[in-house]
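S.K.: Those sequence lines, one after another, are chains G and U.
Under this note's numbering, the first residue of the first sequence is numbered 1, with each subsequent residue one higher.
Under this note's numbering, the first residue of the second sequence is numbered 1, with each subsequent residue one higher.
Hints were generated in silico from the structure; no laboratory data involved.
Treat the hints with care, as some may be off.
Identical copies carry no separate label here, and so any pair may be met within one copy or between two of them.
[Said to hold, decoys possible] Derived SDA-like pairs (lysine to any residue); straight-line CA-CA distance at most 25 angstroms:
id: 1; residue 1: 163; residue 2: 76
id: 2; residue 1: 27; residue 2: 135
id: 3; residue 1: 46; residue 2: 136
id: 4; residue 1: 195; residue 2: 43
id: 5; residue 1: 163; residue 2: 195
id: 6; residue 1: 163; residue 2: 88
Here are the chains, one letter per residue:
There are 2 protein chains.
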Amino acid sequence: MEITPFPLVLASTSPRRQQVLTQIGIKYRVIAADCEESFAEIDAYKAAQVLAERKAVQVSSQCSEVVVGYDTLVLCEAKLLGKPVDEQDALNMLRLLSNREHSVHTGICLAQNGEILLSDQEITQVFFRNLTEAELTFYISHEHYLDKAGAYAIQNLGARFVKRVNGCYFNVVGLPVSKTIEALEQCWRILHERKNTFGT
Amino acid sequence: MEITPFPLVLASTSPRRQQVLTQIGIKYRVIAADCEESFAEIDAYKAAQVLAERKAVQVSSQCSEVVVGYDTLVLCEAKLLGKPVDEQDALNMLRLLSNREHSVHTGICLAQNGEILLSDQEITQVFFRNLTEAELTFYISHEHYLDKAGAYAIQNLGARFVKRVNGCYFNVVGLPVSKTIEALEQCWRILHERKNTFGT
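Given these sequences and hints, build the entire structure.
M.R.: So this is what it looks like as structure tokens:
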């Protein structure tokens, strides 16, 4: 089980992403990305990947290590849900998700020196129970929902909403684990080939 | 969102089950079950449920509250996997699970005064990546696997093994969340009807 084969920078201050990366034995340091998170102008199906690319590329221009960026969005009934702007927005999102299937898209991008090495996305289907207004009221008063795409976190109180998932669970948390391991292995091969070709 | 509608006892000392139950806002106290965990004589498909029943019934004879018991087993290629007995047993289990689908069965039983109120099980399909011997060696030397059915915990380093799940993720952790919420609601209705019928 390789532990990170090269120095890695995580372009995210999300404690959830840091916790999962640490859990699977990957070493990294954090540099916060400072770029536009708006997805209004991007094709919904590719938005998470495009935003992950922006973050990774932006941070990789500030350091020499390989940078991994992520972005997570929720797609339900052709509507793309990012982080809610206020309580009403959060309630509207959760009412939309209630008793329905949605998909969670997490984009992952590895970049170095401002250049994309590889970019991909993971999609997981999530099925919510039928949520009562009483549940939503309780949730809104007890949970920090403002920094969560779709207004819920499956690893917190939001676990109550989820009947089942189909796909990578950790993708719903915001960091697709097996996709990340594959991407790091692929990236290692890319860097190794370049080294052999250019002798740098 | 009801918080536990009646006093609840959890018949499990598993820190994972306690953590999930706390996460979803359910209050409980713990009484450890003391009964046989062998499943050699039980039909494989029903074993987790039968063991959950034994735990709940045994503990419910020691207290007046409603007791919830759980048991989690792994079924792969018609072989039922409990907790490994040693390192070699754990390695054999993980080699069997590698690059294959298996199912995780968690039995749930609610009991009171030595009598089963309701009993059910949740089944989740889990798909493992192809694991290398190097990964397994690293895992065995870094993880506490002896108290885990199938020798892995999805919420620890074992997350690396899991490509995807189909069903309730928390079932793989050992406590099916939406099934538990439904069971508590159903149990509340059963107790309420009895009270109305018998006036007790």
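S.K.: Is it within a copy, between copies, both, or neither that the alpha carbon of residue 163 lies no farther than 25 angstroms from that of residue 76?
M.R.: So residue 163 and residue 76 pass the 25 angstroms test inside a copy (16 angstroms) and across (23 angstroms) alike.
S.K.: When Cα atoms must be at most 25 angstroms apart, do residue 195 and residue 43 count as within-copy, between-copy, both, or neither?
M.R.: So residue 195 and residue 43 fail the 25 angstroms test inside a copy (36 angstroms) and across (57 angstroms) alike.
S.K.: Check residue 46 against residue 136 for me: Cα-Cα at most 25 angstroms, and say if that holds within a copy, between copies, both or neither.
M.R.: neither (30 angstroms within a copy, 35 angstroms between copies)
S.K.: Within a copy, between copies, both or neither: which one fits residue 163 and residue 88 at a CA-CA cutoff of 25 angstroms?
M.R.: Result: close within a single copy only, 24 angstroms intra versus 36 angstroms inter.
S.K.: For residue 27 vs residue 135, is the C-alpha pair at or below 25 angstroms within one copy, between two copies, both, or neither?
M.R.: between (38 angstroms within a copy, 16 angstroms between copies)
S.K.: When Cα atoms must be at most 25 angstroms apart, do residue 163 and residue 195 count as within-copy, between-copy, both, or neither?
M.R.: Neither: 48 angstroms inside a chain and 30 angstroms across chains, both beyond 25 angstroms.
Comparing the model with each numbered hint stated earlier shows that hints 3, 4, 5 do not hold.
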